[in-house]
Amino acid sequence: MRHKESEITVNKGQLSRKDESVIRIRGLKKSFGKKEVLKNINMDVYKGENVVILGQSGSGKSVIIQCIVGMLSPDAGDLKVFDQEVSALGETKLKELRIRIGFLFQSGALYDSMTVRENMQFPLIRILKMKDQNEIDQRVEEVLKSVGLYESIDKMPSDLSGGMRKRAGLARTLVVNPELMLYDEPTTGLDPITSREISNMVLEIQKKYKTTSIIITHDMECASITADRVLVLNNGEFIAEGSFDEVKNSKDDLVSSFFK
Amino acid sequence: MADEVFKGWKGWFAESGEQLIFFRAFVRNLFRPGFEWSEFVRQCYETGYKSFTLVGTTAFIMGLVLALQLRPALVGFGADSLLPKSLADSIVKEIGPVITAIICAGKIASGIGAELGSMKVTEQIDAMEVSGANPLQFLVVTRILATTVMVPLLTLLGDVLGLMGGFVAINITSKVSLWLYFNKCIAALSFSDLLPAFIKTIFFGFVIGFIGCYKGYTSNKGTESVGLAANSAVVAASLWIFVIDAIVVQVSNIIIY
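From first to last, the protein sequence lines stand for chains R and U. Its first residue numbered 1, the first sequence is counted upward by one per residue in the working numbering. Its first residue numbered 1001, the second sequence is counted upward by one per residue in the working numbering.
Don't read these hints as lab results, they were simulated from the structure. You can take every hint at face value.
Label-pair distances were calculated between CB atoms; the ranges are:
(1) Lys-34/R - Gly-1011/U: 19 to 27 Å
(2) Gly-58/R - Gly-1011/U: 21 to 29 Å
(3) Ile-1021/U - Glu-36/R: 26 to 34 Å
(4) Gly-1222/U - Leu-128/R: 33 to 41 Å
(5) Ile-1021/U - Lys-207/R: 38 to 46 Å
These figures come from a predicted structure and were not determined experimentally. Note that the Cβ used here is the ideal one computed from N, Cα and C, for glycine as well.
Model the full structure from these sequences, guided by the hints.
Here it is as structure tokens:
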């Protein structure tokens, strides 16, 4: 079960090495001051799969997705997203890449001076440069209905509950039709019922919008619902990889301790 | 102790460098296509219009008190007819612009610092950035331009209401018509008095917006950094206001006289 670069376990989504690679990471390193957070990260994410990264708090899970989206620059290693080396991209190319990626923040990160409708319109007007108001309204309605939040379209973020904020954040990310979704702890701070709803929504999104996803989570139920493949991060390296059940039933004490 | 002094100066130079980089980013984004007109108008309303009452009230009271305190001194010299001129000189050339700018630094710079700081803490700025939008163009350029436009307008309002306060104060003890009073005020001012006063308000507006945005946008990701951003924005903007005031007065004196 210990991860080696050449060992890519075929997951329950029936993916193989022949599938198109969306993300390819080799020897990724990242330090903050003297603390080496990522020591040697190697991973591939294939088109259409949901990859869950498990790990302790502070193990650097979020740092990986922040490197993927270009928020942080790695100290060493190769990181290719859609066949483009992220750290080598200029401002314009990075912006173009980011349009293809959806990032759901832990807090939802809704713009709190705008209503839910305006939050949805923001990327359509500013990123996709859509001008037709009818087309914009139609797209906003469609996405809000798909996350079950249409009734709250004119509410301010401060009037929404934690779960609703997450769903609104998700809708704002989906409104531009991203090909790759990065979820940073999508169920943190939510009650078990809402967590399950959000986890099922992540799965529905994968099917409906044909997205590829990386899900960073501590929530085992979320991992069991959403994961095609699970990677376990410990001490700056992946120590296990496989389907949820394979990793859960690992004989490695460190890996199995995540599931106790 | 020497270490602390060294660290302090090192920090000051580092921050000055960061401010220059932030200024360059502002200029680059200012001339990029896709100016956010609707957000600019909203910011003019938020920063400018919503400060009208505070600036107006303060300026009126300031003019009133100034006239009440000047009057006995001028009467002592038999020069009470110079009261409108003295008020116009002091309010329009110095007190009006500086007091308005200080009030705006307290209200607007701290507001911008806290707003952008909290957007940073709650990952809203990061969300904007990773979505492919341009947070500098949307958040920073609009706010700096809004304060650069609105602070001169607020100063104009403050000057007029300050002179009105002076008129009320004069009319408590003697009777002067509004027409005569304002005629005397305007006659006391020349174009060379008004121009430097107006130009410095543009710089005041810019520095209030710039410092507020810089402190908020570059704040750390802790909740205490929101308060720190608001607080340091007021302190730095107020200091800059006095520095700019001194420079503009010196330069205009050299050019005009």
